[in-house]
Amino acid sequence: MKADQARSVHRGRRRWLQAACTLAAAPALASAKEREELGGMQARLAQLVRPARLHLKAGRYSEAEALLAQANALIEQDPEAYWPFRPYVLPPYALSLLRQERAVAAVSMLEQALRARDRIVTECMPRFCELQSSQDEKMGMEIMRVEYGRELTAIIRTSMTIRTGEDLAMHAAMEMTELWILLAAAMRAGGMTAPLIQLYTQRVVDMSPAPSNLPLLVAHEYRLYAFGQALGQAGAHEAASDAWRRALDANTSRLRLLQRKGAPHSVFAACTMRRVLLSSRLLAEHANGQLNQRAEDKLLTILQTKSAGRRYREAAQAGIATQSPITAELLQTLEDALANTPATVTDVQPFLRLLAQHDLISSSAMWMLPPEQLGVLDADRTRLEAMQSQLAGSAAIGFMLLTDSPGINGRPGQRYYLRYCVTAQETQLDMLDQQEVIERLVHTCRTDFLRGASQSRAAAALSLKLLDGLAPSVQDAEEWLIEADGALHLLPFDALPDQDGKPLLCTHKFRVLTSLWQLLETRLPPTMRRPAVLIADPDYQQGQGPAKPDISLRWASGAIALGPVAALPETRAEVRQAARALGQIGIPSEVLLGKRATAQTLSQVRQPAVLHIASHAVLRSALDGGAGAGSNAEGAMDLLLPGRQSGLVLSRDGRPDVMLAKDVARLRLQGTALVVLSACNTANGDIAAGEGIASLRSAVEMAGAHSAVTALWQVPSAPTSSLMAAFYQRLAHGDSCGAALRAAKLGAYSKGAPAREWAGFQLSGADRALNAKL
10 MKADQARSVH RGRRRWLQAA CTLAAAPALA SAKEREELGG MQARLAQLVR
60 PARLHLKAGR YSEAEALLAQ ANALIEQDPE AYWPFRPYVL PPYALSLLRQ
110 ERAVAAVSML EQALRARDRI VTECMPRFCE LQSSQDEKMG MEIMRVEYGR
160 ELTAIIRTSM TIRTGEDLAM HAAMEMTELW ILLAAAMRAG GMTAPLIQLY
210 TQRVVDMSPA PSNLPLLVAH EYRLYAFGQA LGQAGAHEAA SDAWRRALDA
260 NTSRLRLLQR KGAPHSVFAA CTMRRVLLSS RLLAEHANGQ LNQRAEDKLL
310 TILQTKSAGR RYREAAQAGI ATQSPITAEL LQTLEDALAN TPATVTDVQP
360 FLRLLAQHDL ISSSAMWMLP PEQLGVLDAD RTRLEAMQSQ LAGSAAIGFM
410 LLTDSPGING RPGQRYYLRY CVTAQETQLD MLDQQEVIER LVHTCRTDFL
460 RGASQSRAAA ALSLKLLDGL APSVQDAEEW LIEADGALHL LPFDALPDQD
510 GKPLLCTHKF RVLTSLWQLL ETRLPPTMRR PAVLIADPDY QQGQGPAKPD
560 ISLRWASGAI ALGPVAALPE TRAEVRQAAR ALGQIGIPSE VLLGKRATAQ
610 TLSQVRQPAV LHIASHAVLR SALDGGAGAG SNAEGAMDLL LPGRQSGLVL
660 SRDGRPDVML AKDVARLRLQ GTALVVLSAC NTANGDIAAG EGIASLRSAV
710 EMAGAHSAVT ALWQVPSAPT SSLMAAFYQR LAHGDSCGAA LRAAKLGAYS
760 KGAPAREWAG FQLSGADRAL NAKL
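Read in order, the letters of the sequence shown are residues 10 to 783 in the working numbering.
Simulated from the structure, these hints should not be mistaken for lab results. Any given hint could turn out to be false.
As the list claims (entries may be wrong) - The calculated lysine-lysine pairs, modelled on DSS-like cross-linking and capped at a C-alpha distance of 25 Å, are:
{"hint": "1", "residue 1": "Lys474", "residue 2": "Lys511"}
{"hint": "2", "residue 1": "Lys66", "residue 2": "Lys147"}
{"hint": "3", "residue 1": "Lys147", "residue 2": "Lys511"}
What the hints assert, rightly or not - Quick list of simulated restraints, FRET-style, between CB atoms:
{"hint": "4", "residue 1": "Ser373", "residue 2": "Asn297", "range": "40 to 50 Å"}
{"hint": "5", "residue 1": "Ser612", "residue 2": "Ala576", "range": "22 to 32 Å"}
{"hint": "6", "residue 1": "Glu530", "residue 2": "Ala727", "range": "33 to 43 Å"}
Ideal Cβ positions, reconstructed from N, Cα and C, are used throughout, including at glycine.
Turn these sequences into a full structure, and let the hints steer you where they fit.
Put into structure tokens, the structure is as follows:
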């Protein structure tokens with residue numbers, strides 16, 4: 010009988026409680042009559058508890074309370090016989106009271122349920138521990154389903170309530186309420202800070218699930234997160250920080266296990282939760298005045314966490330391409346189909362079917378890859394010190410969006426920007442202002458730049474908020490490496506004013522990095538003996554129509570379905586000047602103009618020394634007044650399967666033809682020293698907080714290029730040609746890419762050109778001089 014009961018644990022929600030209670034009570038039974046009585050009590054309780062749970066789910070707390078009071082009264086008729094039912098009845102009863110702001114009574118009930126649970130374990134009922142583990146496994150499985158559903162929700166642009174730990178504990182798919190999480194919430198609501206700390210330190214800290222059991226790891230991770238929330242809201246910041254640190258450790262174990270299993274979307278979901286946990290920990294330590302204690306350790310965790318999902322995907326893609334080219338080709342076919350399939354609420358099934366196929370094939374292929382190839386969290390202090398050693402004469406200034414825990418009222422927490430500065434000598438962490446304040450200034454600043462304003466109050470305020478209080482070693486650095494987050498991806502830092510009102514361009518060289526780990530990347534060495542490929546003035550003749558409002562702009566279309574496209578004849582002179590400059594340093598050039606400027610021709614290019622494309626670009630995201638793409642719901646998806654939102658407008662049979670970023674990412678640019686995308690918004694795109702920006706720039710990086718020059722906004726065509734001519738001339742004189750771009754910008758600034766004409770172009774990746782002898 011007991012074996013049958015043990016098997017029934019796994020037969021669904023309705024059978025779980027029956028098995029738990031019967032097994033728990035079995036040692037106390039003396040006769041068949043007593044077993045029959047206990048079974049009858051179980052049935053009567055179920056008739057009350059099940060509808061009560063439905064009332065709780067619907068928010069009808071007083072109705073739930075009335076039913077659960079009746080259930081508890083049945084237990085209290087003979088407590089010596091029916092006490093094992095308390096862990097079943099009392100938690101939902103306590104929840105009904107807690108939701109009606111009766112926290113003290115809720116705590117009393119939950120403590121009684123906890124004592125009953127402990128007594129069951131103490132009185133020689135070891136199999137109940139297995140059932141408790143089964144409950145945690147169900148909780149972990151439910152959390153993973155919620156996480157996965159949240160990722161799909163972001164893809165198909167629908168609304169979804171993101172559940173907190175408390176809500177997950179009472180989700181309808183779970184048969185039992187999560188006792189620990191509810192007790193922590195009740196103690197916090199009742200102002201019982203000391204008992205809450207004691208509960209955490211004496212009971213929860215000692216829980217240690219098996220590192221190979223994924224659902225148990227996830228349940229433990231979320232339980233620790235919930236305790237961190239409760240402790241933080243109670244003002245116990247030190248204990249809260251400890252809870253979130255332990256939750257991060259559990260998340261690390263989860264990610265390493267998922268990496269070995271090869272589950273791309275599950276990894277991405279775990280990375281999202283990791284950012285939440287790290288945010289909570291850093292905000293708690295800031296509140297406790299400990300943000301800069303062990304700053305190097307915190308920096309290492311930040312750098313492990315930022316862009317982790319993206320780095321995992323890129324490592325997996327590279328590994329699959331090497332180990333199984335046939336699988337890689339199949340995945341590309343599915344990505345092409347996904348790019349052509351709209352992810353709309355009205356017709357989402359075709360998209361989801363393709364996505365499921367892609368996920369399944371990716372997961373299967375990743376089994377072949379060595380775990381260390383996918384180890385996005387494997388960086389240690391040695392690797393951090395190696396990265397810092399690359400910063401001689403430079404300083405890295407990074408930003409990370411942090412999300413505070415929800416408040417006691419359940420409303421979403423505020424979001425803040427964290428700044429971290431790194432030099433070869435020191436590390437500095439600073440908490441900045443709220444996201445809303447900073448990003449409003451970013452959008453206003455961009456608008457001021459684009460309308461040609463000579464001065465911008467928003468830019469001055471933003472410079473003060475983002476760059477005030479820098480350590481002397483950062484201020485004195487010749488070069489600033491920017492690792493942005495959120496809307497700061499859209500900001501030209503070199504156009505921000507210093508204390509004297511001059512742009513920071515005058516005092517510093519700037520470079521953008523997707524991740525500081527790029528400083529340690531080992532890419533193929535530059536292949537400077539191959540010719541450069543320069544593409545300009547694609548033939549749009551048959552696609553031309555009425556002139557656009559400003560045909561001098563290299564515009565970015567708001568949709569992939571193109572309307573009239575203006576010609577760009579001035580770009581011919583731009584690439585010819587570039588060809589002459591490259592020839593001065595021994596790099597020959599192949600120039601593709603007009604009808605030869607096609608996507609098909611570009612796709613056949615192999616490892617050019619330099620690739621320069623002067624054309625229009627498309628960006629599907631809404632861009633109004635230069636405000637930028639913002640945090641688009643599809644951003645996370647475009648980072649997983651990039652290239653559906655932006656592209657270059659080339660030529661095909663005399664008509665405009667879009668080469669999407671996914672196809673740009675497949676170009677053979679390994680060893681290409683420099684790519685210049687002289688078109689609008691090529692550094693812009695959908696932003697996924699903590700993961701980066703899905704842009705043509707990121708596509709070029711994925712294709713293997715060492716460096717890229719791209720644009721943050723709509724660039725005026727004639728000034729752009731002048732800027733590019735000066736840029737290539739400086740390269741011909743032996744300047745590095747960063748020094749050459751800075752010199753070209755300074756030249757434009759010294760002639761009175763507004764920031765609109767020079768600040769939009771950014772250098773990303775490596776900073777080397779072009780040398781034909783390599």
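Hints, one by one, checked against the model:
no. : hint                         : verdict
1   : Lys474 to Lys511             : holds, 17 Å
2   : Lys66 to Lys147              : holds, 18 Å
3   : Lys147 to Lys511             : violated, 60 Å
4   : Ser373 to Asn297: 40 to 50 Å : holds, 46 Å
5   : Ser612 to Ala576: 22 to 32 Å : holds, 23 Å
6   : Glu530 to Ala727: 33 to 43 Å : holds, 36 Å
Hint 3 from the list above is the single one not met by this structure.
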